[in-house]
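Following the hints, position chain S against chain C.
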Amino acid sequence: KNEVEQSPQNLTAQEGEFITINCSYSVGISALHWLQQHPGGGIVSLFMLSSGKKKHGRLIATINIQEKHSSLHITASHPRDSAVYICAVGLDYGGSQGNLIFGKGTKLSVKP
Amino acid sequence: NAGVTQTPKFQVLKTGQSMTLQCAQDMNHNSMYWYRQDPGMGLRLIYYSASEGTTDKGEVPNGYNVSRLNKREFSLRLESAAPSQTSVYFCASSEVAGYTFGSGTRLTVV
Numbered sequence: 001k002n003e004v005e006q007s008p009q010n011l012t013a014q015e016g017e018f019i020t021i022n023c024s025y026s027v028g029i030s031a032l033h034w035l036q037q038h039p040g041g042g043i044v045s046l047f048m049l050s051s052g053k054k055k056h057g058r059l060i061a062t063i064n065i066q067e068k069h070s071s072l073h074i075t076a077s078h079p080r081d082s083a084v085y086i087c088a089v090g091l092d093y094g095g096s097q098g099n100l101i102f103g104k105g106t107k108l109s110v111k112p
Numbered sequence: 001n002a003g004v005t006q007t008p009k010f011q012v013l014k015t016g017q018s019m020t021l022q023c024a025q026d027m028n029h030n031s032m033y034w035y036r037q038d039p040g041m042g043l044r045l046i047y048y049s050a051s052e053g054t055t056d057k058g059e060v061p062n063g064y065n066v067s068r069l070n071k072r073e074f075s076l077r078l079e080s081a082a083p084s085q086t087s088v089y090f091c092a093s094s095e096v097a098g099y100t101f102g103s104g105t106r107l108t109v110v
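Chains as they are written, first to last, in the numbering used here: chain C, 1 to 112; chain S, 1 to 110.
With the rest of the complex left out, here is chain C (with noise of 0.2 Å):
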């Protein structure tokens, strides 16, 4: 069993559509984290976040730390958010910075 389960994998929308991408987990974290990849580019840090929400610009990310689940919100989506959007988990060493295990991604296409 993975320990970090995105969904959906794969998501299209039309531009200026509300779009949400979900990450469970099952294992005891310090943090999560959502980062973007843009096709053959780099990968960006966007949150991390161990409590409630965070907000920038058009995305908002949220966390529920009891049903172990987050989700990545984009609000009036452009062409230039498709990516593929990962989810990443620190594992609870105790408080200390663990080690990251990663989704498979959410590959997102927003359509003009």
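Treat the hints as calculated values from the structure; they're not laboratory data.
From a predicted model like this one, the values you see are computed outputs, not experimental measurements.
Please note: incorrect hints may appear among the correct ones.
[As the list claims (entries may be wrong)] What the simulated footprint calls covered on chain S by chain C, stretch by stretch (three residues with Cβ under 8 Å from a Cβ of chain C suffice, anywhere in the stretch; the number is not a length):
| hint | segment |
| --- | --- |
| 1 | 13 to 26 |
| 2 | 68 to 75 |
| 3 | 93 to 100 |
[What the hints assert, rightly or not] Restraint-style ranges between C-beta atoms, simulated for each label pair:
| hint | chain 1 | residue 1 | chain 2 | residue 2 | range |
| --- | --- | --- | --- | --- | --- |
| 4 | S | Thr86 | C | Phe18 | 30 to 40 Å |
| 5 | C | Lys111 | S | Gly40 | 21 to 31 Å |
| 6 | S | Gly98 | C | Arg58 | 16 to 26 Å |
Glycine included, C-beta positions come from ideal geometry on N, C-alpha and C.
What follows is chain S alone, placed relative to chain C:
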């Protein structure tokens, strides 16, 4: 610009050849990592270094060696490349505030 720099960006090797992937960060981070990314799989940890002078194996260390030359630099060496090592390799560094990734090295072993 602050960040993680990886070289080279692309490389083609013949089976049995050796090479070293270089990684340097200028953010004064203690922890550094090497990951590989393969189609249909999440990134997997090859080796990591929690601080200068220490290195530890990750999930998929076979066929690789690493050197933490100093706080800035963490290199990954393939002693005898195999086709199964065809992948995209990412270096990363981290502190309490989060992770920073390099732009990746696309390696093909023929």
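Range agreement (Cβ of arginine 58 (chain C) with Cβ of glycine 98 (chain S), hint 16 to 26 Å): holds (20 Å)
Lying within 21 to 31 Å: is that true of the beta-carbon distance lysine 111 (chain C) to glycine 40 (chain S)? Once the Cβ atoms are compared, 24 Å apart, the range 21 to 31 Å for glycine 40 (chain S) and lysine 111 (chain C) holds.
Check whether three or more residues of the segment 93 to 100 of chain S sit with their beta carbon closer than 8 Å to a beta carbon of chain C. holds (count 7)
Mind checking, does the segment 13 to 26 of chain S have 3 or more residues with a CB under 8 Å from chain C? violated (count 0)
Is the coverage entry for the segment 68 to 75 of chain S by chain C consistent with the three-residue Cβ rule at 8 Å? Result for this restraint: violated, n = 0.
Honestly, do threonine 86 (chain S) and phenylalanine 18 (chain C) meet the 30 to 40 Å range at C-beta? Since the Cβ atoms of threonine 86 (chain S) and phenylalanine 18 (chain C) sit about 38 Å apart, the hinted range of 30 to 40 Å holds.
Consistency with the previously given hints fails for numbers 1 and 2, ordered from lowest to highest.
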